[in-house]
Structures are given as C-alpha cells and as structure tokens.
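Colleague: Sequence:
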Amino acid sequence: MTEHVVTGTHGAIAVREWPCPRPRCLVLVVHGYGEHAGRYGELAAVLTGYGAAVFAPDHRGHGRSAGERVVIEDFEDVVTDVHTVARLARSVHPDSGLPLFVIGHSMGGLIAARYAQRYGDTLAGLVLSGPVIGDWELPGRLLAMEEIPDVPVAPAALSRDPAVGAAYAADGLVWHGPMKRPTLEAFARTLRTVADGGGIGPLPVLWLHGDADRLVPLPGSRAGVERLAPDSTTVRIFPGARHEVFHETDRAEAFAEVTRFLDGVLASWDGPGPRCLRR
1 MTEHVVTGTH GAIAVREWPC PRPRCLVLVV HGYGEHAGRY GELAAVLTGY GAAVFAPDHR
61 GHGRSAGERV VIEDFEDVVT DVHTVARLAR SVHPDSGLPL FVIGHSMGGL IAARYAQRYG
121 DTLAGLVLSG PVIGDWELPG RLLAMEEIPD VPVAPAALSR DPAVGAAYAA DGLVWHGPMK
181 RPTLEAFART LRTVADGGGI GPLPVLWLHG DADRLVPLPG SRAGVERLAP DSTTVRIFPG
241 ARHEVFHETD RAEAFAEVTR FLDGVLASWD GPGPRCLRR
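For the sequence shown, the UniProt record's numbering puts the final residue at 279, and the numbers step up evenly by one.
Since the hints were derived computationally from the structure, they do not count as laboratory data. Zero decoy hints are in this set.
Estimated spans, in silico, between C-beta atoms of each pair:
hint : residue 1 : residue 2 : range
1    : P178      : D95       : 45 to 55 angstroms
2    : L266      : P149      : 44 to 54 angstroms
3    : A156      : A45       : 23 to 33 angstroms
4    : V6        : R260      : 24 to 34 angstroms
5    : G49       : T80       : 29 to 39 angstroms
6    : P178      : D270      : 43 to 53 angstroms
7    : P19       : D263      : 18 to 28 angstroms
8    : V151      : L266      : 40 to 50 angstroms
9    : E146      : G264      : 42 to 52 angstroms
10   : D77       : H4        : 14 to 24 angstroms
Quick reminder that beta carbons are idealized off the backbone N, C-alpha and C, glycines included.
My request is simple: use the sequences and hints to build the entire structure.
Modeller: Written as structure tokens, this is what we have:
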C-alpha cells in the first residue's frame, strides 16, 4: 500500500493506494460514516488480484484526513474530494484510458450515487453496498430530538463475524461517539438532492445489500436505487447478512459478485463518455 495526501475542499485528504503493476481498470473505494479506508484492505486485495489499481480516500473528518471528527457540512464537497482522488489515480496511470469504477459503502454509497450524477460520463460502472440512498429515516428521527443521543454504531450490527465487530470496536481511527447535527442535516439534504437529481442513464450499477441490515434497511435503499438506475442495475441480496457485506461471513460471495460485474462491464468497454458501452 502507498499513501498519498491531496488537497481537499477543506484541508488535507489522506488517500490509500493499493497498486497493480499492469492494471485493467481503476477503482475508487468510498468508505462509510465514522470509519476509514483502511478497513477495506481485504476488498482491495481481491481487486488488485483481479487487475485493478485501487485508490481510497479518508473523507473529511474521518480517518487520517483533516477536519473535526465526523463533521461533514456539505456532501457536495466530499464528492468533489473523491473527484480529486480520481484525478490522482489518472495521474498515477497517465494516458492509459483505463475504465474507472466507484465502489461506495453505506454513506459512501450516497457519495458514490451523487458522484455518478455529477461525473457519470467519466465512469465505467458503479457498485453500491448497503447504500444510504432513498428513504433512510434515521437523520429525520435524530434531528427531531433536542439533543442527539450518544449512541454509537453497535459493532454487532456490522457483520455476523464477531472478529469484525471486535476489530471495529478496537480501531482508534473509527469514530465511536454520537452522530453530529451538521452531518445529519447534510445527510437529509443530500438524500433529497440525489432523489431529485434524476437517473444516471445506462451506467451499469451493482447493488449489494444484506437482508438483515438494521443500520440501513433494505426497503429504503431499494427505493433510492430504483430511482437512480431503474434499467441498468444488477441486484444481489445476501440472506442473513448485516450491514457490511464486504466484512460478512460470506464475503467471498460479495467479492465474486464485484469481480463478475467488472468482467461484464470490461467485456463491452469502449472508452469514456455517455455511450461508453456497446449495447
């Protein structure tokens, strides 16, 4: 792994790169709320083994990046930061014309969906894992309270694998405190923005979700995915899986779904642009 620092919209953004000597494609991994890119080393290993060069930022206020912890006042700025990381990836592989994919988990799914609305003509495909998109009720429920309760994410809600919860609880780069009002307000605004932002056309999308996800319930995400990409989405729902399908007991199946999706897109890749895929 190589580490970079880029200048984001509100300070330094730490970026991890998992290199691949002769990549077939570029992948941006967009992490979720309160965590950091370093939790995706196993996914990155699968992707680099497949032939992808992988880049993953710690968002503002997360991991090793600058900013008050877990405070995001405008997700549009985070989308812009992710685009800066895409430019970094292109600079590491100049003149390659490699297809670019974005994989977004949870809050990262919201960021990735908005990225596709803003920069979809630069993408070959989009992967959404347990995405915060559509009808997610938590921000409205917490914002209605006078004081936001200090209830951190329960490690057991992430995966049936107890080692995942233990590692999460012991991770000093993970935020274990309460959600913060500015971030909740930004969530609510961006959920509306994505809902009103229209579909992303023929861009291929893979949606992965656990049907036992209590943090981002399946029905709410379904509504958002269907609005975003009604005709170009491949869906895989994992029975019994909790929030983090890439850290679940059957994560090998989730990894296989991703590589099959990449295979399908790359087989018909014809360069960037609105009509990048042969139909």
